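Undergrad: Sequence:
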Amino acid sequence: MDIPLLGMIYLPISGVEIMAWKLILLGFCVGVIGGFFGVGGAFMVTPALNVFGFPMAYAIGTDMAHIAGKSIVATAKHRKYGNVDMRLGLLMIFGTAVGIEFGANFIMWLEKVGRVDVTVRYTYMVLLFGLSGYMLYEYFKLTKGTSTEKSKPVSDAGTSGLALKMQKLKIPPMIHLKTSGFHMSVWVILGVSAFTGFLAGFLGVGGGFIRMPALMYVIGCPTRVAVGTDLFEIVITGAYGAFSYAMKGRVEIIAAAVMLIGAAVGAQFGTLATQYVKGLKIRLYFASTMLLAGVSVIFKHIAGTYKGVYSSDLNAWVKANPDFIQWTQGEGVKLGSAKVQLRDWLLMNKDAVKGWFAQQSDVFQQAKAMETMWNNYSGYLMLGASVGLSILIISKMIQGVRLEKRITVQAKATAGE
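In my numbering, the protein residues as written are 1 to 417.
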């Protein structure tokens, strides 16, 4: 099939039509950000795909597939620069896997007691605002009394007090992390990775935005090593997530491949930029991004309150619908929980749902319109943030390259005198 790189393409699995250039641009921007911060960028890509018309389940699955491919490119580049601590990364993958299982099981328990949506949403907001607030506090504390960035003699932010305490815990077996530059107890690494994995499994995210701060502030990695090592982990977790969603039929492989065209290029720029931006500044930009992500989640929370106006009535109508009952006895049974069955049936029967809304009161119709509006606000915020942040990162990279060339020319001129 001939797919025009900039024209309209049809995605057969989700039934979405979209301009290819939008996916390439989104992939490029998030590739830059992922290579620079060491995160998958799902908190930006998923809302943006949702704005482009992807149902949420397909947006998540497609993003997982794109993240896995992009992270391979970025990790290879970071390893070339010596920013990947393989020993630390492999240990953390094991702990993360255990933590994710516990997190997923905790979600299943919350689902049984009917508290999953509220608990996850509030935890997500507290985590995003808490991480960004702490990182901004650390940044301003370390830069206090420094008039300009150029006057600061260090290229990284140093090791936090918590990380120093963790490194002093001599619980055998100990491991020497040559790339990171210190010894640490294996049990500390496994404990930290299991906790971050639990949060990732609980929140249903890749966890890069949780692990990266943990690597810096709890384990004590230099910023660039934290970025590269986190990306190495995302290669494994992203591949597993993509496989899992693909088995459920929720990955638009064409969309993921088109996004990867842009992401593969963007990741090169983002990774290169880490060589020219101080670790302290990387932390500042990351904290600011988390702050915007927190605002985006607030918008999603507002959208969820409007959904609550009509969701119980809509779900009751679906469960009583003969087509739904027949479907659950066949294909629907394979899809798991009743909540998943409801979601997937609603996705496949959009016209029937529109007809139901048309017959309801103005209150329900207005609630649906407000839910859509606030969801769009959330998506547009993260879409705008990804474009703006990628432009900032590339501009910093260009400044760094120019400065490096200028210094090289001056050095050659001095040597020739």
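Read the hints as simulated data drawn from the structure, not as lab findings. Treat each hint with caution, since some may be false.
[Stated by the list, open to error] When the alpha-carbon atoms are kept at most 30 Å apart in a straight line, the in silico BS3-like pairs for lysine-lysine are as follows:
1) K80 / K281
2) K141 / K112
3) K300 / K278
4) K278 / K178
5) K141 / K165
6) K112 / K368
7) K405 / K22
8) K350 / K339
9) K165 / K300
10) K22 / K319
[To be verified] Taking CB as the label site, the calculated pair distances span:
11) T305 / I93: 29 to 39 Å
12) I171 / A104: 22 to 32 Å
13) F182 / V98: 45 to 55 Å
14) F102 / Y134: 16 to 26 Å
15) M8 / K141: 20 to 30 Å
16) K178 / I93: 48 to 58 Å
17) I398 / Y134: 24 to 34 Å
18) G388 / G130: 20 to 30 Å
19) F94 / I253: 23 to 33 Å
20) V295 / Y137: 11 to 21 Å
21) P322 / L347: 30 to 40 Å
22) F182 / R121: 32 to 42 Å
23) R87 / G304: 17 to 27 Å
Owing to the predicted nature of the structure, the values given are computational and were not obtained by experimental measurement. Where is the CB? At the ideal position from N, CA and C, for every residue including glycine.
Undergrad: Hint by hint, say whether it matches the structure.
TA: Taking the hints in turn, this is what the structure says about them:
1. As the CA atoms of K80 and K281 are separated by approximately 22 Å, the hinted pair is consistent with the 30 Å bound.
2. For the hint linking K141 to K112, the alpha-carbon distance of about 44 Å lies beyond 30 Å, and the restraint is violated.
3. With a C-alpha separation of about 33 Å, the suggested pairing of K300 with K278 is violated against the 30 Å cut-off.
4. For the suggested pair K278 and K178, the alpha carbons sit about 21 Å apart, so the restraint of at most 30 Å is met.
5. Among the hinted pairs, K141 with K165 is consistent with the structure: their alpha-carbon atoms are about 19 Å apart, no more than 30 Å.
6. Between K112 and K368 the CA atoms are separated by roughly 26 Å; this keeps the pair inside 30 Å, and the hint holds.
7. A distance of roughly 34 Å separates the Cα atoms of K405 and K22; the hinted pair therefore is violated under the 30 Å criterion.
8. Between K350 and K339 the CA atoms are separated by roughly 17 Å; this keeps the pair inside 30 Å, and the hint holds.
9. A C-alpha spacing of about 38 Å is found between K165 and K300, which places the hinted pair above 30 Å, so the restraint is violated.
10. For the suggested pair K22 and K319, the alpha carbons sit about 37 Å apart, so the restraint of at most 30 Å is broken.
11. In this structure, T305 and I93 meet the distance hint of 29 to 39 Å, their C-beta atoms being roughly 38 Å apart.
12. With their beta carbons about 28 Å apart, I171 and A104 fall inside the hinted range of 22 to 32 Å.
13. Taking the beta carbon of each, F182 and V98 are about 24 Å apart, not inside 45 to 55 Å as hinted.
14. Between F102 and Y134 the C-beta distance comes to about 24 Å, which sits within the given range of 16 to 26 Å.
15. The hinted range of 20 to 30 Å is not satisfied by M8 and K141, whose Cβ atoms lie roughly 51 Å apart.
16. Checked against the hint of 48 to 58 Å, the C-beta distance between K178 and I93 comes to roughly 18 Å, which is inconsistent with it.
17. In this structure, I398 and Y134 meet the distance hint of 24 to 34 Å, their C-beta atoms being roughly 31 Å apart.
18. Checked against the hint of 20 to 30 Å, the pair G388 and G130 passes, with Cβ atoms roughly 24 Å apart.
19. Remark: the range hint 23 to 33 Å for F94 to I253 is upheld by a beta-carbon distance near 29 Å.
20. A hinted range of 11 to 21 Å holds for the C-beta pair V295 and Y137, which are about 18 Å apart.
21. At about 19 Å, the beta-carbon gap between P322 and L347 misses the expected band of 30 to 40 Å.
22. Separated by about 37 Å at the C-beta atoms, F182 and R121 satisfy the suggested range of 32 to 42 Å.
23. Between R87 and G304 the Cβ separation comes to about 42 Å, which falls outside the hinted range of 17 to 27 Å.
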